[in-house]
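A.B. asks: Since chain A is already given, all that's left is putting chain B on it; use the hints.
From first to last, the protein sequence lines stand for chains A and B.
Residue 121 in the working numbering is what sits at position 121 of the first sequence, and the numbering runs on without skipping anything.
Count along the second sequence from 1, then add 234; that gives the number in the working numbering.
All clues given are correct.
Over 12 Å on every C-beta distance to chain B, these chain A residues come out as not near it, computed from the model:
1. E48
2. D60
3. K102
Calculated lysine to aspartate or glutamate pairs in the DMTMM-like style (CA-CA distance at most 20 Å, straight line):
4. A/K145 to B/E498
5. A/K145 to B/E494
6. B/K276 to B/D309
7. A/K145 to B/E495
8. A/K136 to A/E51
9. A/K10 to B/E498
Please keep in mind that the hints were generated in silico from the structure rather than gathered at the bench.
Quick reminder that beta carbons are idealized off the backbone N, C-alpha and C, glycines included.
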Amino acid sequence: MERYYEAELKGIQQDIILMAEKAIFNTRRVLELFEKRDRDICRQIIAEDEEIDQLELKIDQAAVQYMTLYQPVSVDVRLIAMAIKTTHDIERIGDEASSIAKRMLRLFERDELPGDNRSEMLGIPEATSIALAMLKDAVDAFIEKDVAKCHSVVDRDAEVDSLNHENFEGFLERLTSERDNAEALMELVLISKSIERIADHAKNIAREVVYYVTGEELRHSGKGPSRSERGVQG
Amino acid sequence: MVTDSSSTQPIRETARPVHQERTKISTHEVDVFYGAAQAIRKVSIDLYEKAVTAFIGPSGCGKSTFLRCLNRMNDTIDVARVEGTILLDGQDIYDPKVDPVQLRARVGMVFQKPNPFPKSIYDNIAYGPRIHGLATRKSDFDDIVEWSLRKAAIWDEVKDRLDQPGTGLSGGQQQRLCIARALAVQPEVLLMDEPCSALDPIATAKVEELIAEMKMEYTIVIVTHNMQQAGRVADRTAFFYLGDLIEYETTAKLFMNPREEQTEAYISGRFG
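Excised from the complex, chain A in its bound form (with noise of 0.2 Å):
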């Protein structure tokens, strides 16, 4: 029997998944602008952050709502909850995409990014892949309450890790050589840096999305470990 409010509690799902597809379309545009090198992409992106910032407001506050409200019980208040935690992470997925646009327009503006050939980004552009996937993934097994769709999201973070962590190391090696490339050097390591808290909050949606379905709690079960679980550093 559907209730007469379930358009509600429906409002809230559309929402997320349409804030997630912005924190999609921003990570796919990324990793264009790694590609294309081009400032209009970097605009784009951090103007498209104020949508997924607005949506973040509607959906946490349509949230507060239906708890005062409706009540919620069982997998409805479990929606919730996953609601204002999971905007939480794609608004973040906004910030870091954005940061990145802003770092690359520096980088253009001073002409510094250190050759025009993908290879000078090392694993950037394969992490941006592999965190994208993970974060579209994460976002189907919303849709399709999914379960085993989310440990496989949870699992390959491991993959973004490991590059970020190559990453820092391989920038780290060319600044005692490349001296005068120091600063793009920093703003590199940064990016990739946010490339893998991408790939972290596409973990954590996956996570939620696992509570949501079952009622299962992920986090801190040993399912799926950390970073710093793992001792990975940078």
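C.D. replies: Same frame as chain A, but now just chain B:
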């Protein structure tokens, strides 16, 4: 974070932890019939001492019928027949040697609609101890009346008008008077059949607060249609449907992540 008793999976527990695990009442395959119609089917459940258990379910699911089995109130209905076993502290309450009147002193009851006797506030409380022979001297009755009214958190409101009719009190006060009346015979278990359904939110809050205090000393079983009330007051919740016990869990587990689809549908309002 606590771990649900029936699983090793951690849950987001929001209710108070379940401290007491000693079984006070244990039922085994209880059936109840009204004539040919079966109202309760093979209900087996353990109710724990000094804890609050809520019975929930749609109207006609049998939760009140089952509650009334626990102090043999169904004996008063000619066509009612109870089968199976109900143990109170290990003793079969349907054993022919058990006196139902004495049983109901141990297992008291508070009803949906406050039903004070048409007597003074004092006599409403003194009536039970008098017929059960718990006191003989006036001073002893005075002590029991004050103790009971204090326990039910209504003493301060009525201490200066104990000779006035109990029926003159407000609905919320009448219900607390009835709770005091039940406590006056020193029960071990208190059965509450929708005790707040006729009360406003303030009176409801007072009764709920009282339930939270009383569970330190009494085993409480409450029938309620109010999901939020079950969530607030009960350590464990049992969901009944069409005479069957569908699910019995810690309250937080049942409301956060029920095992059965029927429970999920009922508590989330998707029933029907």
